[in-house]
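A.B. asks: As a plain string of letters, each chain reads:
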Amino acid sequence: MTQVAIIDSGGANITSLLSAFERLGVAPELTADATQIRGAERVVLPGVGAARDAMSRLHTANLVDVIRGLAQPVLGICLGMQLLCERSAEDDVECLGIIPGRAGKLPVSAAFPVPNMGWCATRPTAPHPILDSIESGDHFYFVHSYAVPESEYTIATARHAEPFSAMLGKDNFVAAQFHPERSSKAGARILSNFLEWTV
Amino acid sequence: MQFRNHRVVGDILDLAARYRDEGADELVFYDITASPDDRTVDRSWVSSVSRLLDIPFCVAGGIKSIADAEDVLHKGADKISINSPALADPDLIGQLASRFGTQCVVIGIDSNAQDSDWLVYQYTGDPEKTQSAQRRTLDWVREVQERGAGEIVLNCMNQDGVRQGYDCSQLAAVRAVCDVPLIASGGAGAREHFLSVFEEAHVDGALAASVFHSAEIPIPQLKQYLAENQVDIRL
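Sequences listed follow chains C and Z, in order.
Start counting the first sequence at 1; every next residue gets the next number (our numbering).
Start counting the second sequence at 200; every next residue gets the next number (our numbering).
Don't read these hints as lab results, they were simulated from the structure.
Ideal Cβ positions, reconstructed from N, Cα and C, are used throughout, including at glycine.
Possibly wrong hints are sitting among the right ones.
Said to hold, decoys possible - Which chain Z residues stay away from chain C? Per the calculated CB distances, all over 10 Å, these:
1) S315
2) D325
3) L337
4) I416
Unchecked claim - Okay, the calculated bits of chain Z under chain C, using three or more residues with CB under 8 Å as the criterion:
5) 249-257
6) 272-280
7) 296-305
8) 378-388
9) 401-410
Please construct the entire structure, taking both the sequences and the accompanying hints into account.
C.D. replies: Written as structure tokens, this is what we have:
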């Protein structure tokens, strides 16, 4: 059985994500095959780029219902987190609707540049196995222009001009707005927690 | 990290690992010979660096086309930085941004104080080819943002290599017209210079090379010092 399937809908650059799992001793399968994704122990939904492109690629690959139906641990990363939510203000596109919430554009100002690109202090706000050994104030590497506001599904928060969801959790789905694969030791910890998480 | 193509890859990987372990927040690899010689970098090292690093890194030098950028990004770089090619063909900025997203597109600007203004220079990798780009720095900063730059690295040439501190007044002037992340470059010689540039110019990051290569300013101590002085920084 595939230990970790990374959903390959095209477009996303997942070289660094693959390397991060390899450093943890895991060799993920990059796949768009529904059977392989359904059968994987764990599934990662990455994403870089624009929401509409990413959603249309998932539709084209017939993966929308596949992802909605997954029961194993699933981790959405960056745009992948926004795709797990209901809508994105980027192109005003309907997303997967698995986690309640809508991604909105970050407000622009010279004091808070957009894209928000860099290391942000992050604070866990709810207990979750993915946050094991993560402390308040640990920094993670963010690259985004859209963010999901805080909600009851927020499990970690960070600040730009306004607070936003750094991580979301609902049932077997978790999601990170930051890039764990480029967030040094704290990021590696999130990935190793994900590999140990059982639902 | 500045290097010319003949530098062996092992050196680059050793340095990358050292900076990763010392707590650098991001690495920039400059092939400073690329643009003046009208050729591109040998990029096999990008994949090796990507496997090694758990922090973001940017590749600068010789990226003149969508295909160049795609090659670098697919080998695992998080960003590409373009400088002279953006001046030669400003449309390239928008093409890169729409293909890869603004977050990947860093514009490097070499700027020099002149007659109470700041002017952009190009082909600065080779002193004999360095020339004025016939543009005001503040105009170019505005234009590259409109065209899709996701980050600007401003290298203040009048300060570069002299270790007298970043050019905080120029950086503050650029900050005032820059809504994307702004990285200061050129002039770092003491830890106080880093603190000043964050406090006075409100930059998002400070780049340095020689003081880190020589270990004159150890990165862990620098970050501790900045944190003690209320700069929000990862320790």
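A.B. asks: Now tell me, hint by hint, if it's right for this structure.
C.D. replies: Okay, the hints, checked on the actual structure:
1. S315: 23 Å, holds
2. D325: Given that every Cβ of chain C is farther than 10 Å from that of D325 of chain Z, nearest at about 30 Å, it holds.
3. L337: 13 Å, holds
4. I416: With a cut-off of 10 Å, I416 of chain Z remains clear of chain C, as the shortest Cβ separation is near 19 Å.
5. 249-257: That given contact holds, which follows from 6 residues of the region 249-257 of chain Z lying within Cβ reach (below 8 Å) of chain C.
6. 272-280: holds (count 5)
7. 296-305: That given contact holds, which follows from 4 residues of the region 296-305 of chain Z lying within Cβ reach (below 8 Å) of chain C.
8. 378-388: holds (count 4)
9. 401-410: holds (count 3)
When held up to the earlier numbered hints, the structure conflicts with none and fits them all.
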